[in-house]
Amino acid sequence: MVAANQNSEVVFKNVAKGAYSKKTHTVILKDCSLNVEAGKLTVLIGPSGCGKTTVINLIAGYERPDHGEVLMDGQPVSGPNWERLVVFQEAALFPWLTCYENVMFGPVARKAISREEAHRQTMMLLNRVGLSDFRDKYPMQLSGGMQRRAELARALINKPRVMLMDEPFRGLDAMTRKLMQEYYLGLFEETGCTNLFVTSELEEAIILADKLLVMTNKPSKVKKAIDVDLPRPRDWGMAASERYLEIKAEALELLHAEAIKASAASDKAEIDLAVGFEKLKTARG
Amino acid sequence: MQFQRKFVNWSLVRKILSMVIFILFWTILVQFIDYFHQIPTPKAVFLAIFELPVPVVLKNIGISFFRVLGGFFVGVLIGFPVGVAIGYSRILNHLIFPSFEMARPIPPIAWIPLTVLFFINFESQAIFLTFYGAFFPIVYNTMGGISEVDICLPRAAMSFGVGKKLMLWKVILPAAMPQVFTGMKLAMGVAWILVVAAEMMSNKGGMGYYVWYNHAVMDYPHVVLAMGIIGLCGAICSVGIGVVGNYFTRWQRLV
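Protein sequence lines correspond, in order, to chains S and R.
The opening residue of the first sequence carries number 1 in our numbering; numbering runs sequentially from there.
The opening residue of the second sequence carries number 1001 in our numbering; numbering runs sequentially from there.
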């Protein structure tokens, strides 16, 4: 099956990271410690622009921390590697390759397995994500949801130890998004691979997560880790359960507090969260 | 469900109408406004087709094509690697780009007198000029295409284990291809401008010379006709590049 061979954990120890240019100097992460547990689905949520993508980039090895350590299974992360794969915000399939060639890309580039074996696994994965009939289509010929599924397959064929999902379903329409979330849940529950999922949508966060990490505003750190102890396999029916609503209220309270702090900056996304919180309070009496 | 069939292709009718209006406008201008009475009428230009010295014109077309394509291919051969180099390497960019920026605002036609110093023979002068004209659009567009590749693509490839050496070949160049071909189309246009200008200034044949010759003997219907032929040649070249470009960037056009 598409199972990962081994799960790894990722640990941040007092990580600091800034963005520097000639004129500005912004601290994005400061004293940020977090733990992505092996074989679990950890969701990172926080106000927009709080450095969630920076966390992903640090784990993927695209950026280095200014201070502190990013460790995978106790070893410092030293650069990009197929063991830590990112599914990007915007679809990052190679547009000049067909769906099939895209999925084959990793194993062929590394010469990890023979071409026949790569072909066999590619066909299996394309089948698994429901794209067998679209194997010879170019990414621009696929719908948004299909592109994300192809990208999932392109990552999974490498049997990564950690999957890093950087708001992967952003920009999809509501129905496709819901389908993709269910789809992704199914894949995760099947593979049990370590996953870090970044999002700014609370409902998506709770329904997916084993553990919810709520981030603060910049300079960011993890404000609180909430265990999401809803049973698996998950489905959207659980969104009505008592426990779900408790978790949602708790997380909203945390995010709301951050939103108030940031209200001077009057970021729209944060105000939306605040409005959502008020609505929830009235709905629950 | 059956689509309703349209009996009149209105979009085609409008396009034909556009041309009819153009020719009508031209005729009115020449016939009724005294100031323009020396300009040949569309009818005179049309009749000139039958007096066209076909072998001479074909020979001149061939000569111009040779000069344009010669310069263009040298331009691609040198301009493309240079564009890749300064788009990909920051160090090479800093070393090369500023001097290009200095040369670029000079209209290539202004180089014509100087080329006489560089090259004795007219053929090499003409090819140098078309090369020079083609060079900058190719360099600039190749550079632009490469520096604007979405960072996610090389990053993803890096994660999959593509090393620095293969990155250019496997990721950067394919991603930059659409803009490279845009550059080539522009380059071809500039090459035709330059070849005509250069040929007008000499007596070594080519369509520019043919236009100038007819101007000298005051055969204006043939001047206009030759202008049309030059335009047609340019369009053929542009379509040719389009066909090759479509092959290399077919992933972009299939929807």
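Think of the hints as simulated: they come from the structure by calculation, not from any bench.
Note that this is a predicted model, so its numbers are computed, not measured.
Any given hint might turn out to be false.
[Stated by the list, open to error] Capping the alpha-carbon separation at 27 angstroms, the derived lysine-lysine pairs in DSS-like fashion look like this: (1) S:Lys218 with S:Lys23; (2) S:Lys30 with S:Lys40; (3) S:Lys178 with S:Lys111; (4) S:Lys111 with S:Lys137; (5) S:Lys178 with S:Lys137; (6) R:Lys1164 with S:Lys159; (7) S:Lys159 with R:Lys1165; (8) R:Lys1164 with S:Lys111; (9) S:Lys159 with S:Lys218; (10) R:Lys1204 with S:Lys111; (11) S:Lys13 with S:Lys218; (12) S:Lys248 with S:Lys223.
[Stated by the list, open to error] Distance windows between CB atoms, simulated: (13) S:Glu203 with R:Arg1104: 38 to 44 angstroms; (14) S:Ala239 with R:Leu1095: 43 to 49 angstroms; (15) S:Gly144 with R:Met1019: 53 to 59 angstroms; (16) R:Gln1252 with S:Met123: 22 to 28 angstroms; (17) R:Leu1166 with S:Asp31: 36 to 42 angstroms; (18) R:Leu1095 with S:Ala19: 27 to 33 angstroms; (19) S:Trp236 with R:Asn1093: 48 to 54 angstroms; (20) R:His1094 with S:Asp31: 51 to 57 angstroms.
[To be verified] Sample of chain S residues lacking proximity to chain R, with all beta carbon distances greater than 10 angstroms (derived): (21) Glu37; (22) Gly79; (23) Arg110; (24) Ile260.
Even for Gly, the Cβ is constructed at its ideal location relative to N, Cα and C.
Exercise. Do the alpha carbons of Lys1164 of chain R and Lys159 of chain S lie within 27 angstroms of each other, as the hint requires?
Worked result: Status holds; Cα separation ~23 angstroms.
Problem set entry | Distance rule for Ile260 of chain S, whose beta carbon must clear each one in chain R by more than 10 angstroms | Given that every Cβ of chain R is farther than 10 angstroms from that of Ile260 of chain S, nearest at about 34 angstroms, it holds.
Exercise. How does the Cβ-Cβ distance of Ala239 of chain S and Leu1095 of chain R compare with 43 to 49 angstroms: does it lie in that range?
Worked result: 59 angstroms, violated
Exercise. Are the Cα atoms of Lys1204 of chain R and Lys111 of chain S separated by 27 angstroms or less?
Worked result: 58 angstroms, violated
For this session: For the pair we were handed, Lys178 of chain S and Lys111 of chain S, check the Cα-Cα distance against 27 angstroms.
Result: With Cα atoms ~36 angstroms apart, Lys178 of chain S and Lys111 of chain S exceed 27 angstroms; violated.
Exercise. Is it true that the CA of Lys1164 of chain R sits at most 27 angstroms from the CA of Lys111 of chain S?
Worked result: 16 angstroms, holds
Exercise. Is it true that Trp236 of chain S and Asn1093 of chain R lie within 48 to 54 angstroms of each other by Cβ?
Worked result: 51 angstroms, holds
Exercise. Non-interface claim for Arg110 of chain S: all C-beta distances to chain R beyond 10 angstroms?
Worked result: Nearest chain R Cβ is 4 angstroms from Arg110 of chain S, so the label is violated.
Problem set entry | Pair hint outcome, Lys159 of chain S versus Lys1165 of chain R [Cα-Cα no greater than 27 angstroms] | 25 angstroms, holds
For this session: Verify the proposed pairing of Lys178 of chain S with Lys137 of chain S, using a straight-line Cα cut of 27 angstroms.
Result: Holds - the C-alpha atoms of Lys137 of chain S and Lys178 of chain S are around 24 angstroms apart, at most 27 angstroms.
For this session: With respect to the beta-carbon atoms only, verify the hint that Leu1095 of chain R and Ala19 of chain S lie 27 to 33 angstroms apart.
Result: 28 angstroms, holds
For this session: State, for the Cβ atoms of Gln1252 of chain R and Met123 of chain S, whether the hinted interval 22 to 28 angstroms holds or is violated.
Result: Distance hint for Gln1252 of chain R, Met123 of chain S holds at roughly 26 angstroms.
Violated hints for the displayed structure, listed by number in ascending order: 3, 9, 10, 13, 14, 15, 20, 22 and 23.
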